[in-house]
Structures are given as structure tokens and as C-alpha cells.
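A.B. asks: Each chain, written out:
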Amino acid sequence: MGYTLVYLSLIVLIPLATLALKTAEMTWGELWTIATSDRALASYKITFGASFIAATINVVFGTLLAWALVRYRFPGRGIVDALIDVPFALPTAVSGLALTAVLAPNGFIGQFLEPLGIKAVFSPLGITLALVFIGLPFVVRTVQPVLEELEPEVEEAAAVLGASRAQTLWRVIVPPLVPAMLTGFALAFARAIGEYGSVVFIAGNKQFETEITPLLIMSRLEAYDYPGATALALVMLLVSFTMLLAINGLGAWTRRRAGHIT
Amino acid sequence: MLPLERSIPRAATTEPTWVRRIIIGLGVGFLLLFVVVPLATVVIAALSHGASAYGRAITDPHALRALKLTLIAAAISVPLNLVFGVAAAWAIARFRFPGRALLITLIDLPLAVSPVIAGMVFVLLFGANGLIGPWLAANGVKVIFALPGIVLATTFVTFPYVARELIPLMEAQGHEEEEAALVLGASPWQMFTKITLPKIKWGLLYGVVLCTARAMGEFGAVSVVSGNIRGRTSTLPLHVEILYNEYEYQAAFAVASLLVIIGIGSLIARRLIARRKKEST
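Chains A and B, in that order, give the protein sequences. Residue numbers for the first sequence follow the working numbering, so the first one is 1 and each next one is one higher. Residue numbers for the second sequence follow the working numbering, so the first one is 263 and each next one is one higher.
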């Protein structure tokens with residue numbers, strides 16, 4: 001018990017507290033100026049915007065994949081299920097490198113996008129695609145178990161009582177899935193805003209255009225501008241903690257909803 | 263009229279074949295484009311200059327040193343987090359104490375923090391202008407841009423994995439058998455090795471594999487604290503970046519393919535362990 005707390009403090013709490021200490025060295029005015037500089041604001045827009053779009057795409061395709069895996073039997077289902085975890089198992093630097101290679105103008109997919117005038121690397125689109133890759137397992141792995149728990153009897157009952165398949169889907173299946181989908185969204189979003197490794201390769205890292213906040217923090221650190229880095233990190237941490245609380249709250253909601261069903 | 267038996271299950275609880283095909287097709291197609299194609303690209307690009315070029319790239323002295331550093335960092339941080347994970351799960355599953363819920367949230371904290379920030383806090387603490395950095399430097403201890411910094415950042419990032427795996431497992435198992443062992447005169451250590459450990463071994467192994475894979479693949483946090491000194495403080499993922507920035511693409515992909523092997527290997531190991539775990543419970 002004591003050991004647990006000491007180790008937790010040494011590795012996690014004290015280092016994070018340093019951040020608060022560094023922040024305390026600055027006045028509110030200084031903090032505000034740095035955290036809302038034009039370059040910082042541009043980086044938030046890219047980071048949060050791309051993360052939001054990516055998490056939304058993940059909810060759509062993640063739920064679809066979870067549905068296919070739970071409800072249907074098809075050849076290669078086991079392999080598909082295993083592949084879902086690949087983005088999570090792969091080091092982020094490798095993901096970034098691989099996606100850049102695929103989407104580059106001479107890459108496997110990029111060669112088809114190039115003639116269409118779509119620039120998939122060194123663009124916000126590239127950042128979004130990298131974040132879609134990173135976030136996919138989170139949605140599938142949150143929706144999948146909830147879907148498995150749903151009992152077919154309820155759907156049969158709905159059908160017997162005269163509901164069409166669409167009505168059953170919308171009124172019986174979707175409601176218990178919503179909290180899980182939102183949790184998956186929040187997890188994917190939280191992961192995406194902090195993501196660094198897979199994005200730096202594909203982003204091109206141009207100021208105001210494709211510079212994500214973690215990268216801006218990195219360049220501040222490299223310039224030994226610790227106050228600059230600290231202020232940005234604080235903004236990121238506040239968002240991360242909010243997400244963490246939201247995820248915990250959603251988790252409780254999911255369990256309650258599931259409790260009503262069974 | 264058709265008997266109910268036949269008409270209900272078909273139309274009412276599943277979709278027509280064409281809808282099923284579209285859903286499977288969309289899902290699998292999405293996965294192929296986003297996961298399979300990038301993986302295949304790494305392998306193809308790694309072997310693009312032939313097997314001997316691949317061999318040269320992965321036996322390059324810098325690559326070997328990066329591999330060694332990666333293994334050392336993992337060999338230190340994984341056991342640390344393993345011991346912590348068991349202790350924390352024990353405390354959370356067996357005792358009720360004030361702040362227990364807070365402790366669970368705090369354990370998850372490193373997962374919510376951007377890797378860049380994870381590395382940054384250690385720079386603020388141990389860097390040249392950091393809180394205790396100057397004092398350490400005066401005593402000849404180098405943390406940032408050196409192995410200790412890499413180990414600390416890796417430990418921070420992989421901190422939750424073992425604990426998260428064990429907490430639900432140990433909570434579900436209860437502690438009657440442990441109590442019985444103690445009543446029958448077993449020492450706490452005997453109780454742990456003979457009763458608790460066999461019950462949690464698959465979960466423990468799963469957590470360790472996950473933790474190890476993450477430790478070896480960590481990029482952002484290590485990148486901040488390492489200073490990227492080629493052959494000195496670069497781990498495998500950092501070495502990939504160095505090669506890429508030097509336009510050594512084939513070599514970058516060759517080294518990346520080693521990380522792919524580690525990642526996919528850990529994935530297969532985890533699935534096998536999860537299966538054994540399910541069988542044993």
C-alpha cells in the first residue's frame with residue numbers, strides 16, 4: 001500500500017506536479033498570452049479539429065466493424081478481429097512512417113489521390129487519416145463487448161410485437177449502444193489530441209498549417225523555452241483531464257444502461 | 263400463413279444478405295486500406311533493395327546500439343511496473359480505503375497524457391534549467407539526454423498496463439482462498455506464491471507482454487528526453503526517425519520492420535494468452 005503510493009508519486013505525481021510548479025512561476029497574463037498566441041491557436045485548431053473528425057469517422061466504421069464481427073460469420077473473421085488491434089500494437093513511429101509511404105504521391109493509395117488533386121501527406125487530411133488509424137481499436141473494442149451482451153430475445157420480442165427491422169434497430173439496438181459509442185469516441189479523441197509519433201511523419205509540420213500542439217510543445221522545448229512549453233502543456237492537460245472524467249462518467253452510464261437491458 | 267418459427271428469426275433479427283455483404287465489405291475494406299496496406303508497405307519498402315541491403319540495415323552498428331538501448335530501457339522499466347502493478351492491484355482489490363477511486367484514476371493518468379508532455383515533465387524536473395537538474399549535474403549525474411531519462415519516460419508511459427490488467431481480475435476473484443491459506447498457517451509469501459500467483463498468472467503475463475511491447479515502441483516521450491544522439495541515446499523508434507530524416511528510406515523501413523515484428527509478435531502472444539486465460543477461468 002505504502003509502496004504503491006510512493007512509486008505512484010515518484011513516477012507520475014511528482015513529475016506532473018513539476019508542471020504545476022513551473023506554471024506558478026508565471027503570471028496569469030503571461031500564461032494567457034502564450035496559450036492564446038496565434039501560432040498556439042492555429043495548432044489547437046488543427047489538433048482538436050483533426051482529432052474530432054477522426055474520432056467521428058472511427059465511430060462510424062468502428063461500430064460497423066464491431067457489428068460485422070459480432071453478428072455475422074464470414075471467412076477471415078478471426079483475422080479481421082486480430083487486425084483491429086494492430087494500430088494499438090504498432091509503435092507510433094512505424095505507423096507514421098507506413099501511412100506516409102502509403103499516402104505519398106508515389107504511394108499505394110497516394111498515386112490515385114494525386115491526379116484528383118488531393119494532397120494526403122503534409123496536409124491536415126494526412127493528420128486526420130493518421131489519427132483515424134490510431135483511434136480505430138478504441139471504438140471497436142468498446143462497442144464490441146456491449147453488442148455481444150445484447151440478447152437476441154429482445155429483438156425477437158420486438159419483431160413479434162410487430163416492429164420492422166428498422167424500428168427494432170433504432171429503438172432496441174441503438175439505445176444501449178450509444179454510451180459505448182460515445183465512450184469509444186471519447187477514448188479515440190483523447191488519444192488523438194496527444195498523438196505525436198504517427199503524426200509528425202505525415203504532417204509536414206508547417207507553422208499555422210499542419211503544426212499540431214504536441215509538436216509545438218516539442219519545438220518550444222528544443223528552443224529551451226520552458227514557459228512556452230509549459231503553458232501549452234497545461235492547456236492540453238486540462239482537455240485530457242476533462243476527457244478522462246467524461247470517459248469515467250460514460251463508463252458508469254454504459255454499465256447502468258447495460259444493467260437495464262439484462 | 264408461414265409458421266412463426268421460420269418467419270421471425272430470418273426477417274426480424276438479421277439483415278438481408280446484400281445488406282450484410284455491404285456492411286462486411288465496408289468494414290473489411292476500411293481495415294484493408296488502413297491497416298493491411300500500410301503494414302505491407304513497410305515490408306515491401308524494407309526489402310526493396312534486396313535481402314542483403316536489408317541485412318546491412320539491421321546489422322548497422324547504430325541500429326544494433328539502438329536495439330540494445332531499447333532492450334535495456336524495457337528490461338528496467340517493465341519489472342518496475344510489474345512489481346507496482348501487482349502491489350497496486352493487491353491494494354485496490356483487497357482493501358477499502360479513502361481515496362481508492364482516486365487511486366484508480368491516477369493509475370490511468372499516464373494514458374491520458376500526451377507522450378510529449380510525459381517526456382517534458384522529466385525535462386522540467388531534471389533538465390539543465392530544471393528543478394533538481396543543476397544539483398544533479400553538480401554531482402555528475404546525467405538524467406536528460408541519457409539512459410536514466412529514457413528509462414523514466416518509458417516507465418511513465420507504460421505505468422498503467424500491468425495494474426489495469428490485474429485490478430479487474432483480482433477484484434473478481436475475491437480472497438477467501440488467501441484467508442484460508444493464512445488461517446492454515448501459511449506465511450504471506452507462501453500465500454502469494456502458492457495461491458494468488460497461480461490465479462493471476464495469465465493476466466499478469468498479458469499485462470507484461472503489453473507493457474513490454476509499449477516500452478519498446480515508445481516514441482514521443484523518449485524523443486523529448488533523449489536528445490536523439492545517434493548511436494548514443496536513440497532507441498529503435500528514434501533511429502527510424504533519424505534514418506527517415508536523412509533520406510535513408512530503405513534503412514528506415516528495415517529498422518521499422520523490426521518494430522513491426524515486435525508489435526505483431528506481442529499481438530499474437532496476447533491473443534494466445536487471452537485464450538489460455540479464458541480456459542483457465
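Because the hints were derived from the structure by calculation, they are not lab data. Wrong hints could be hidden among the right ones.
Claimed, not checked - To give an idea of the chain A side of the interface with chain B (calculated C-beta under 10 Å), a few residues:
id : residue
1  : Tyr3
2  : Leu19
3  : Lys22
4  : Met26
5  : Thr27
6  : Ala68
7  : Ala89
8  : Ala93
9  : Ala101
10 : Gly107
11 : Ile109
12 : Arg191
13 : Phe201
14 : Gly204
15 : Pro214
16 : Ala223
As the list claims (entries may be wrong) - Within a straight-line C-alpha distance of at most 20 Å, the following computed SDA-like cross-link-like pairs (lysine to any residue) qualify:
id : chain 1 : residue 1 : chain 2 : residue 2
17 : B       : Lys540    : A       : Asp85
18 : B       : Lys539    : A       : Leu177
19 : B       : Lys540    : A       : Lys206
20 : A       : Lys119    : B       : Lys404
21 : B       : Lys463    : B       : Val299
22 : B       : Lys540    : A       : Gly78
23 : B       : Lys404    : A       : Ile11
24 : A       : Lys206    : B       : Pro396
Virtual Cβ for every residue (Gly too), placed ideally from N, Cα, C.
A.B. asks: Give a verdict on every hint.
C.D. replies: Here is what the structure says about each hint:
no.	hint	result
1	Tyr3	holds, 5 Å
2	Leu19	holds, 6 Å
3	Lys22	holds, 5 Å
4	Met26	violated, 13 Å
5	Thr27	violated, 18 Å
6	Ala68	holds, 5 Å
7	Ala89	holds, 4 Å
8	Ala93	holds, 4 Å
9	Ala101	holds, 5 Å
10	Gly107	holds, 7 Å
11	Ile109	holds, 7 Å
12	Arg191	holds, 8 Å
13	Phe201	holds, 7 Å
14	Gly204	violated, 13 Å
15	Pro214	holds, 4 Å
16	Ala223	violated, 12 Å
17	B/Lys540 x A/Asp85	holds, 19 Å
18	B/Lys539 x A/Leu177	violated, 27 Å
19	B/Lys540 x A/Lys206	violated, 49 Å
20	A/Lys119 x B/Lys404	violated, 44 Å
21	B/Lys463 x B/Val299	violated, 36 Å
22	B/Lys540 x A/Gly78	holds, 17 Å
23	B/Lys404 x A/Ile11	holds, 17 Å
24	A/Lys206 x B/Pro396	violated, 34 Å
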